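Trainee: Sequence:
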Amino acid sequence: MSKETELYAELSDAVFNMEDDEAEKLAVEVVQSGYDAYQAIEQGLAKGMDRAGKLFEQGDYFVPELVLCSDAMYRGLEVLKPHIRTDSVAVKPKVVIGVIEGDTHDIGKNLVKIMMEAGSFDIIDLGRDVPPLEFVEAAKRERAALICISTLMTTTMEGMEKVIHILNEQGLRDQFKVVVGGGPVSASYARKIGADGYASNAAEAVGFNKKLLGIGQAPEAAGLTETVILP
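For the sequence shown, full-length UniProt numbering assigns the number 1 to the initial residue and increments by one for each residue that follows.
If you're looking for bench data, these hints aren't it; they were derived computationally from the structure.
Computed from a prediction, not measured in an experiment: that's the story for all the values here.
There may be inaccurate statements among the hints.
To be verified - The list that follows gives simulated cross-link-like pairs (lysine to aspartate or glutamate, EDC-like), each with its CA atoms no further than 16 Å apart:
1) 94 - 129
2) 92 - 129
3) 25 - 78
4) 140 - 125
5) 25 - 10
6) 92 - 65
7) 162 - 101
8) 81 - 36
9) 81 - 137
10) 92 - 125
11) 25 - 6
12) 54 - 65
13) 3 - 29
14) 192 - 161
15) 162 - 129
16) 192 - 158
17) 140 - 169
18) 140 - 122
19) 162 - 137
20) 94 - 125
21) 94 - 142
22) 3 - 50
23) 81 - 29
24) 25 - 13
25) 25 - 4
26) 81 - 13
27) 210 - 122
28) 54 - 24
29) 94 - 117
What the hints assert, rightly or not - What follows is a list of derived Cβ distance ranges for each label pair:
30) 9 - 215: 28 to 34 Å
31) 168 - 213: 16 to 22 Å
32) 36 - 57: 42 to 48 Å
For every residue, glycine included, the Cβ atom is placed at its ideal position computed from N, Cα and C.
Take the sequences, apply the hints, and build the full model.
Mentor: In structure tokens:
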């Protein structure tokens, strides 16, 4: 294992083990070593949160543990974010992103936002506890190409379907791609409600959404597994 790969693994462990100071120290080491800050977020911090999210889904971690993990993640992000090299593109696709109404957990959404900004998307962040109609109104107002909706709670998942229902009611469904994600969400649920795709984790969100919008690679050529572009 190279020193760079080892650092990323240690960053993942620091987040997973809720070690704020360690995450910050390792992030500083990444920068001082001249390693790629984006890769450190993707392969380190994001993977640590993904591991914590899996334990949350299994009932081994609860909201307090996720909050502590996110504290460690943010400590690392504070160091790494200023050093992310953004892609140079003439026009950035606009993306409306938010956590659906009834859910105030925005850890995953915030991480996706940071990584997509680094991947040259123009992000309109609606925050958390967002009513379904606001996703649609914001997408129209901003002329967005993509709507990303997340939730960490099974009780609020139906709000995702309401967003798509409103788009259909207003005759706008063909104008916007809709991607859903979050702990309890699955590809089968996304398919059931008529979404265009399902993002399994923040680390894969950038490449996935570029493929969905046909940037660099056609959706049908994506070859995705856990992260799914739906027919």
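Trainee: Each hint: holds or not?
Mentor: Right, here's what the structure says about each hint:
1. At most 16 Å may separate the alpha-carbon atoms for a hinted pair to count; residue 94 and residue 129 exceed this at roughly 21 Å.
2. A distance of roughly 26 Å separates the Cα atoms of residue 92 and residue 129; the hinted pair therefore is violated under the 16 Å criterion.
3. Taking the CA atoms of residue 25 and residue 78, the gap is near 11 Å; set against the 16 Å cutoff, the hint holds.
4. Among the hinted pairs, residue 140 with residue 125 is consistent with the structure: their alpha-carbon atoms are about 14 Å apart, no more than 16 Å.
5. A distance of roughly 11 Å separates the Cα atoms of residue 25 and residue 10; the hinted pair therefore holds under the 16 Å criterion.
6. Between residue 92 and residue 65 the alpha-carbon distance is near 35 Å, which puts this suggested pair outside the 16 Å criterion.
7. The suggested pairing of residue 162 with residue 101 holds, with an alpha-carbon distance near 11 Å, which does not exceed 16 Å.
8. Among the hinted pairs, residue 81 with residue 36 is consistent with the structure: their alpha-carbon atoms are about 11 Å apart, no more than 16 Å.
9. Restraint check for residue 81 and residue 137: the C-alpha separation of about 30 Å exceeds 16 Å, so the hint is violated.
10. The straight-line distance between the Cα atoms of residue 92 and residue 125 is roughly 15 Å, inside the 16 Å bound, and the hint therefore holds.
11. At most 16 Å may separate the alpha-carbon atoms for a hinted pair to count; residue 25 and residue 6 meet this at roughly 14 Å.
12. Of the supplied pair hints, the one linking residue 54 and residue 65 holds, its CA atoms being roughly 12 Å apart against a limit of 16 Å.
13. As the CA atoms of residue 3 and residue 29 are separated by approximately 11 Å, the hinted pair is consistent with the 16 Å bound.
14. A hinted pair counts as satisfied when its Cα atoms are at most 16 Å apart, and residue 192 with residue 161 qualifies at roughly 9 Å.
15. Distance hint between residue 162 and residue 129 is fulfilled; the C-alpha atoms sit about 14 Å from each other, no more than 16 Å.
16. Between residue 192 and residue 158 the CA atoms are separated by roughly 11 Å; this keeps the pair inside 16 Å, and the hint holds.
17. Our distance criterion of 16 Å between C-alpha atoms is met by residue 140 and residue 169, whose separation comes to about 14 Å.
18. Distance restraint check for residue 140 and residue 122: the Cα-Cα separation of roughly 15 Å lies within the 16 Å cut-off, and the hinted pair is therefore satisfied.
19. Under the criterion of a C-alpha separation no larger than 16 Å, the hint pairing residue 162 with residue 137 is consistent with the structure, at around 13 Å.
20. Between residue 94 and residue 125 the CA atoms are separated by roughly 11 Å; this keeps the pair inside 16 Å, and the hint holds.
21. For the hint pairing residue 94 with residue 142, the CA-to-CA distance comes to about 7 Å; that is within 16 Å, so the pair holds.
22. Between residue 3 and residue 50 the alpha-carbon distance is near 22 Å, which puts this suggested pair outside the 16 Å criterion.
23. As the CA atoms of residue 81 and residue 29 are separated by approximately 14 Å, the hinted pair is consistent with the 16 Å bound.
24. Annotation: proposed proximity of residue 25 to residue 13 holds, straight-line Cα distance about 13 Å (limit 16 Å).
25. Distance restraint check for residue 25 and residue 4: the Cα-Cα separation of roughly 14 Å lies within the 16 Å cut-off, and the hinted pair is therefore satisfied.
26. Simply put, residue 81 and residue 13 have alpha-carbon atoms about 19 Å apart, too far for the 16 Å limit, and the pair is violated.
27. Using a Cα cut-off of 16 Å, the hinted pair residue 210 and residue 122 holds, with the two alpha carbons roughly 12 Å apart.
28. With a CA separation close to 23 Å, the supplied pair residue 54 and residue 24 exceeds the 16 Å bound.
29. Of the supplied pair hints, the one linking residue 94 and residue 117 holds, its CA atoms being roughly 10 Å apart against a limit of 16 Å.
30. Hint check: residue 9 to residue 215, Cβ distance near 30 Å, so the stated range 28 to 34 Å holds.
31. A hinted range of 16 to 22 Å holds for the C-beta pair residue 168 and residue 213, which are about 20 Å apart.
32. Between residue 36 and residue 57 the Cβ separation comes to about 29 Å, which falls outside the hinted range of 42 to 48 Å.
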